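Colleague: Chain by chain, the residues:
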Amino acid sequence: GDSVTQMEGPVTLSEEAFLTINCTYTATGYPSLFWYVQYPGEGLQLLLKATKADDKGSNKGFEATYRKETTSFHLEKGSVQVSDSAVYFCALFTGNQFYFGTGTSLTVIP
Amino acid sequence: DGGITQSPKYLFRKEGQNVTLSCEQNLNHDAMYWYRQDPGQGLRLIYYSQIVNDFQKGDIAEGYSVSREKKESFPLTVTSAQKNPTAFYLCASSIMVAETQYFGPGTRLTVL
Chain A
292 GDSVTQMEGP
302 VTLSEEAFLT
312 INCTYTATGY
322 PSLFWYVQYP
332 GEGLQLLLKA
342 TKADDKGSNK
352 GFEATYRKET
362 TSFHLEKGSV
372 QVSDSAVYFC
382 ALFTGNQFYF
392 GTGTSLTVIP
Chain B
24 DGGITQSPKY
34 LFRKEGQNVT
44 LSCEQNLNHD
54 AMYWYRQDPG
64 QGLRLIYYSQ
74 IVNDFQKGDI
84 AEGYSVSREK
94 KESFPLTVTS
104 AQKNPTAFYL
114 CASSIMVAET
124 QYFGPGTRLT
134 VL
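Protein chains in written order, with our numbering: chain A, 292 to 401; chain B, 24 to 135.
Hints may contain errors.
Claimed, not checked - Using 30 Å as the maximum straight-line C-alpha spacing, the simulated BS3-like pairs for lysine-lysine come out as follows:
| hint | chain 1 | residue 1 | chain 2 | residue 2 |
| --- | --- | --- | --- | --- |
| 1 | B | Lys32 | A | Lys351 |
| 2 | B | Lys93 | A | Lys343 |
| 3 | B | Lys93 | B | Lys80 |
| 4 | A | Lys340 | B | Lys106 |
Unchecked claim - Away from chain A, derived, C-beta distances all over 12 Å, residues of chain B:
| hint | residue |
| --- | --- |
| 5 | Leu34 |
| 6 | Val42 |
| 7 | Gln64 |
| 8 | Thr102 |
| 9 | Ala121 |
If you're looking for bench data, these hints aren't it; they were derived computationally from the structure.
Note that this is a predicted model, so its numbers are computed, not measured.
Glycine residues also receive a C-beta, built at the ideal position from the N, C-alpha and C atoms.
Please construct the entire structure, taking both the sequences and the accompanying hints into account.
Modeller: See below:
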């Protein structure tokens, strides 16, 4: 069935380090792909999205490229800040339902 | 200010009691959703509604019920039949099912 697999955390980085959080998916057809972020005690917020192959979503310095050949949508940021500490969820929409990954916790230390 | 509100933020209930979680949106969205979040398991879909007076079961609907009498409101009832109800519950909405979802702040339910 359709699913999303993302790298397990927790991930701990120093401020200004490079971030990659891996996400791969299994789906029939042409899903839309999303990254959501959840700060402590809050709901999820959309970070970025891509709706077709080779699209690049970007927001707040984060980027992810929809790679159909590798069925991946890895999240990257060149220089993380303490305020980026949160849980990040990869998600896909297949046409009638959203599927979320298990989340990757990121802690950025000064 | 447009958005989604969930109340209460924290909820405690005794075992065997039904409890209703509120979700309201003023975004004029047609679709609404309920998810359950447990540590290490991500989000799992409980129910969703594409339009007023219509709703569909998600992956883990057993022990839950919903209603969609108004476009703005999508309350979730956690019944005594739900065996492990302690969790963080998230409500979301979107313009329609295919679109980006917007989430409320969540309700943390604890069964004592």
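Colleague: Now look at each hint and say whether the structure bears it out.
Modeller: Hint check results:
For the proposed pair Lys32(B) and Lys351(A), the alpha carbon gap of about 28 Å is at most 30 Å, so the pair holds. Taken as a hint, the Lys93(B) and Lys343(A) pair is broken in the structure, with Cα atoms around 34 Å apart against an allowance of 30 Å. Between the alpha carbons of Lys93(B) and Lys80(B) the distance comes to roughly 18 Å, so the proposed pair stays at or under 30 Å and holds. At roughly 35 Å between alpha-carbon atoms, Lys340(A) and Lys106(B) are farther apart than 30 Å, so this suggested pair is violated.
Every C-beta of chain A lies more than 12 Å from that of Leu34(B), the closest at about 14 Å, which supports listing it as non-interface. Distance check on Val42(B): its Cβ is at least 19 Å (rounded) from any Cβ of chain A, clearing the 12 Å threshold; non-interface status holds. Listed as outside the interface, Gln64(B) is inconsistent with that label: its C-beta sits roughly 6 Å from the nearest C-beta of chain A, within the 12 Å cut-off. Thr102(B), annotated as away from the interface, keeps every beta carbon of chain A farther than 12 Å; the closest lies near 23 Å.
Its closest Cβ contact with chain A, about 7 Å, brings Ala121(B) to no more than 12 Å, contrary to its assignment away from the interface.
In this structure, the earlier hints numbered 2, 4, 7 and 9 are contradicted, and the remaining ones agree with it.
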